[in-house]
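Novice: If you're matching them up, the sequences are chains A, B and C in order. Quick note on the numbering used here: the first sequence kicks off at 1416 and runs consecutively. Quick note on the numbering used here: the second sequence kicks off at 11 and runs consecutively. Quick note on the numbering used here: the third sequence kicks off at 46 and runs consecutively.
Hints listed in this document are in silico derivations from the structure and should not be mistaken for laboratory results. Each hint should be verified, as a subset may be incorrect.
Straight line, CA to CA, 30 angstroms or less: simulated DSS-like cross-link-like pairs of lysine-lysine [as the list claims (entries may be wrong)]: (1) C:K274 / A:K1684; (2) C:K260 / B:K603; (3) A:K1684 / C:K61; (4) C:K61 / C:K324; (5) C:K260 / B:K517; (6) B:K603 / A:K1657; (7) C:K291 / B:K231; (8) C:K268 / B:K228; (9) B:K603 / C:K291; (10) A:K1577 / C:K291.
Just so you know, these numbers come straight off a predicted model, no measurement behind them.
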Amino acid sequence: MPEYQIVVCGSIVPDPLQTLEPISGPAGPALKNEMMLPAWLDPWAGHALFEAANLASKNPGSKVWLVALGPKAKLQQVMMTLAQKVPFELVALDGPAGGFTDASETAAALAEAIQAIPGLDRSRMLVFGGWESASRGTGTTMQIVGEILGITDQFQGVDEIKIEASGALRILERIEGGRHQVSLCDAPPALLGWATGNLPEPRNNPQVGMANMRTIMPALQKAKPTKVGADGLTFSSVAVPKQARDTKIVKDLPADQIAAEIVEWITNK
Amino acid sequence: MGHSPRNARNHAVSGSENPERPQMEADIVCVGFGPASGGFLTTLARGILNPDGSTAIESGVAPGMPLQVMCYERADDLGFGVSGVVTRARGIRESFPELDSAEIPMAAPVASEKILYLLDPVGASRRPALMRLADVAIRALGPVLRVKDDAMELPWTPDFLEKHGGLVLSMGQFTQWVAQQVMGTGAAQIWPGSPVGEAIIEDDGVAGIRLVDQGVAKDGKPSDGFMPGMEVRAPLTVVADGPVGPIGQQLDRAFGIPEGHHTHDWALGMKFVVDLPETCDLEPGTVLHTLGYPEPEIFGFFYVHPNRVASMGIFVPSWFDSPARTAYRYLQHWMLHPAIWRQVKGGHLRSWGAKTLQESGRRGEPRLAGNGFARIGEGSGSTNVLTNSGVDEAWTTGVILAEGVLELLKNKQPFTAENLESAYVARRRGSWVDKDGRIAERGRDGFQRGIIPGMIGMMLAGLTKGLVAMPGKPMPPHQRVKTLEEYYRGRIAPDEIRAIRKESDAKGISAHAALMERAGWPQIPFDGELLVSHQDALLIGGKVQAPAGYADHVEFLYPSDCGTCDSKICIEMCSGQAIYPGENGLPAFDREKCVHCGACLWNCASANPDDPERGRINFHAGAGGLHSAEN
Amino acid sequence: METILFLSPSEGALSKNALEALATAKQLADSLGTTFSVGLWGDAPQAAADGIASCSATKFLAVTGAEFAQSRYATDAAAAEALGRASGATIIIGPSCSRWNRVLAGVAHRLGGRADSHVTGLSASNGAPAIARWYYRQRMEGILTRTQRPWVLAVESGIAPAWDGAPGTAAVEPVACASAGVRSNVTGIEAPAADQQTIRPDAELLFVTGAGWTKKQPDGQVKTEAAQKLILDFLRLSRASLGSTKSLVDLHGEGVATLTFLNHMNQVGQTGSTPRHVKGLSTCCHGEEPHTVGWRFIGERRAISLDAGCGWARGKADVLYVADAFAVMEKVNALLAR
Ligand SMILES: Cc1cc2nc3c(=O)[nH]c(=O)nc-3n(C[C@H](O)[C@H](O)[C@H](O)COP(=O)(O)OP(=O)(O)OC[C@H]3O[C@@H](n4cnc5c(N)ncnc54)[C@H](O)[C@@H]3O)c2cc1C
Ligand SMILES: Cc1cc2nc3c(=O)[nH]c(=O)nc-3n(C[C@H](O)[C@H](O)[C@H](O)COP(=O)(O)OP(=O)(O)OC[C@H]3O[C@@H](n4cnc5c(N)ncnc54)[C@H](O)[C@@H]3O)c2cc1C
Ligand code: SF4
Ligand code: SF4
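All chains should be modelled from the sequences, with the hints used to inform the complete structure.
Specialist: Structural data, given as structure tokens:
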């Protein structure tokens, strides 16, 4: 049985249900009330973490790290929920997690933190992350992490990983038209940017939480202050689009007539 | 038929039937994370660890480790609670003598206080004759009495209401901040998303708690991915689950409450958090209280946070006898009052929330401690019903308990009823919380007889420090609930009420909007900014969530009997439209809309045959609810 | 002075998305008063180059080899890197396809530049190029410039008309590229069976289904099977692409009887995809603002819902039919079948 060392990169984003508004500050754009909004682990990074834990549990001897760059106080809070989900060891970096930070700077910080994890063995290493974040939304961070670590077997939009009898990794990536591309990667190291995957969100397990806490609190305490920003970028504007249309409301029209209107509309080029 | 309530669910799948139920041991387990637990854990943490981080008090269950303290909060995250808040912050400042309010988002020192008497600008408010006379006089004397925008500013704020030197806070931001401080010390773990299902009651005491089961169907039966809730055994269980906490209720049932005590009085508080318009020049720390409108029984509050944000809302008390009293609709009418609207017009709704308050105060005090358990916070009767303040009081009861607990730990004394009595209860008796609670104790009795005797009674109790009060006998909530026909007598004919009810049942919605409009309340001019439909408030402002795999936490105990209930007040008052007329008009529950305000716990028109003090709805521990940390 | 490279993998002729990116690159070159070159890679990129021979590119560069046919990080990144270097470009523009999206940031890193993906607009003012792109899952749009070069971009589909010109014969300059150490291979494509194929990126119409299709209807019944048939019939008759709200796909995961052909890839919105179609018809949806963002990228929008307050409609659709979608879609199908 292969014993994987799975490093998951993921940070926090505002709970997607919140109303978001940009403001411009001295250091460029930022989210209004960013520190007050409830936060959660970035959804696709979350799937990556759950998939990592699943893979680790099926391959005894494997281990999962979560490398997270975010404001320490917020990270601590999110960890209290996340820690209950699956077992992992936290590597925390204390710095901004907002969407306006440049991917290359975040990637450099993450790669440095990964390189500093003691005892990592490239021949067993899988680097996981979210395909795209719900903040920056570029899908560019993980590739750079991979490049810095020298991993050129990279997969994005991943929905599934299976281990073949040969030890090769069978990976499904999302491609155009709702299809999946199937690839075989001989062996680790590999980098996978996850989409939704196929696992349901794990239940809150207080025992897992307790076990994780043994490493989470110390990791938070020694979280390294990390400066990342958007060097070289100048924003001329960041705005929530106005999208008010004049909606014509059609009530009390019989289904026949509505259907006729719709058919006319969709067949009319 | 029908008089056989279903078993409390948690028992159905607990204990020996489920050998796999995981178990864990801790030294102290705490239920709920509100201000009470905040005060408790802040104080305890400082005693468990030395300033250099080394262990000051060793764990009894994990030798060599510091004391193991776990706190479980049901909401999906810390800081999802709802409150006003303006507070004198006496206890909070004692805990943080160096406190700079700028450290806590949304906090501001109290800058000014005012009380406004609101006249009725629409003519639909049900005012007693005397009050109507007074209104006429006030309008006539308008210029002299400084009447502006249909409101009169009271010339002075009685001492007992003053919050000088206090703070305007956001409950969510304050509790988040406290949690960060506590967890930063490493001395306690506070777990959100972890509803406590029940206390483990053994040998006339409490031996710990059980978390709710996951992977169950709505009725609590195991289903996909069943995971029995963990049992956490601990020498001390601290119950801080607030006014409607299921663990507090369980203990009340198991151990009884002191003779003569009751929790008959309650209120629903509902609030908006609003971005004020650019034109608004209210200073942070401005505190405004209102009375008189939309109904004389409904009090309003308006507190200004930094950065042009305000918390504003109303309290709908149990002695407001309308069976069609949806706070949401009233809150909108209140906000539209010219004296309020003038300040907020052009602003934007940011967040919304609701929660009930236990308004029997000290008279609702349960057994504060017993073998292996202690109770703190609003559920322990700490809230001051004269001043409607509970945050600092709850905090302080937590501080007092922690001091007592540290003393017992240092002396290596066990958490027996006697030891907790002397280390905690006796301390609490000597505190300002208890003293002020006694003054307030009978302050609201007058309201049982009407709004005017109530106001007089409150003033009397406040000004004489509790020596004099207006008599009145608080009744169990169900005894107060009138039928719609009674309430609307002379205003809406019974036939018409029946027709309205029938129509709303068919649509699966409550009848209150139609009833209120029929009784003269204007329609709400929705603008998508401040005035949005109740449904949209659930989505835009409050962000209600209901994670899958948990049992429904609202349970109708005698559903078949509900057919004969004519007020159906559970439907009419539900803060989230989560209780709605289902099949045959019987109340049904939709968890995805429930904001966990707890109103349905008190708000039933029929006595529970097994326990006439209670209604026919069980309010269990549930996950989910509002996702807002600003309320 | 900027120099621009349009870059694309080639699997035969260029895709619509690639032709759109080409048009965007050409337009940017024009407005900056500069020229652009073309870089292609694949097993036989000459065909693709010939297809755009008249696009006025100054140069056609290509990496050719069987190993470059596969959609694979190692070889795609190596080819793009080599083309980037050979062109000396300061701005590299490619289409937002799965192949280019997978590698662009890595390529930028190798070239010492920076990457931006999901670009929805390119403009030039005073000789300085600026891009528009979305943040926070399409909830706010930023317009920005960068100092670092090369600036490597992926432009979204549907933001510019595809380049449309005469084919010819392009003079392709070969670019050398090594592909040692390949450890991954594409072994196939998994696609839903043809009759279950519901995602059609090139369709004119996006048909969005909400959880309402599986909910209790005014007559007290749940009609999932009828819903399933109505939707599939409509897709067959109209050749529309199928989108869905998160609630509806989530029901699937929770084991509730639901539409069997849906999965997460159909999900439209904040955490789902944001397809760009000319027209959109939403049915039985409610969804609040943050989650209807995907809808924003559809041209003409109509909705059918029982609820006049429907979040996909109010202020966001051109027409809202307050009606029973079961009844309406049945008639629509009947009309289309004729
Ligand atoms: C609208 C409104 C306005 C108010 N305004 C003011 C004001 O201006 N000033 C003031 O001083 N007071 C005010 N109050 C009162 C004040 O908010 C309360 O008195 C105070 O919050 C009580 O604190 P607590 O810690 O006892 O309980 P709570 O704040 O109720 O906290 C209890 C916690 O326990 C959790 N819980 C419950 N059951 C369980 C379970 N089974 N498992 C795990 N967790 C559980 C709850 O989710 C909650 O977080 C107001 C209240 C309301 C509703
Ligand atoms: C973290 C998170 C992320 C999310 N991300 C997304 C996202 O990316 N995309 C997304 O869409 N959602 C997302 N959501 C979910 C979102 O919040 C909404 O809950 C969801 O979009 C609403 O789904 P709906 O419109 O299908 O269903 P509902 O809200 O259930 O609406 C059903 C509608 O159907 C109508 N209806 C019923 N029967 C009929 C009929 N016969 N004819 C006509 N109308 C009928 C009803 O009137 C109702 O309005 C997310 C939620 C969370 C928590
Ligand atoms: S069902 Fe939920 S929202 Fe409704 S009254 Fe009860 S607790 Fe409040
Ligand atoms: S639960 Fe109570 S208020 Fe509601 S219908 Fe039944 S008896 Fe009436």
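Novice: For K291 of chain C and K231 of chain B, compute the direct alpha-carbon distance and say whether it is at most 30 angstroms.
Specialist: With a Cα-Cα distance of about 27 angstroms, the restraint between K291 of chain C and K231 of chain B holds, given a limit of 30 angstroms.
Novice: Given the hinted pair K603 of chain B and K291 of chain C, is their alpha-carbon gap at most 30 angstroms?
Specialist: holds (17 angstroms)
Novice: Is the hinted pair K260 of chain C and K603 of chain B satisfied, with a Cα-Cα distance of at most 30 angstroms?
Specialist: holds (16 angstroms)
Novice: Run the distance test for K268 of chain C versus K228 of chain B: straight-line Cα separation, threshold 30 angstroms.
Specialist: holds (22 angstroms)
Novice: Below or equal to 30 angstroms on CA atoms is what counts here, so check K274 of chain C against K1684 of chain A.
Specialist: Within the cut-off at roughly 26 angstroms; holds.
Novice: Could you grab the alpha-carbon distance between K1684 of chain A and K61 of chain C and see if it respects the 30 angstroms cut-off?
Specialist: Within the cut-off at roughly 19 angstroms; holds.
Novice: Given the hinted pair K603 of chain B and K1657 of chain A, is their Cα-Cα distance within 30 angstroms?
Specialist: holds (29 angstroms)
Novice: What's the verdict on K61 of chain C and K324 of chain C, does the C-alpha distance respect the 30 angstroms limit or exceed it?
Specialist: holds (18 angstroms)
Novice: Assess, step by step, whether the Cα of K260 of chain C is no farther than 30 angstroms from the Cα of K517 of chain B, and give holds or violated.
Specialist: holds (15 angstroms)
Novice: Would you check the hint for K1577 of chain A and K291 of chain C, treating anything up to 30 angstroms between C-alpha atoms as holding?
Specialist: Given pair K1577 of chain A, K291 of chain C holds - Cα atoms ~26 angstroms apart, limit 30 angstroms.
Violated hints are absent here; each numbered hint is respected by the structure.
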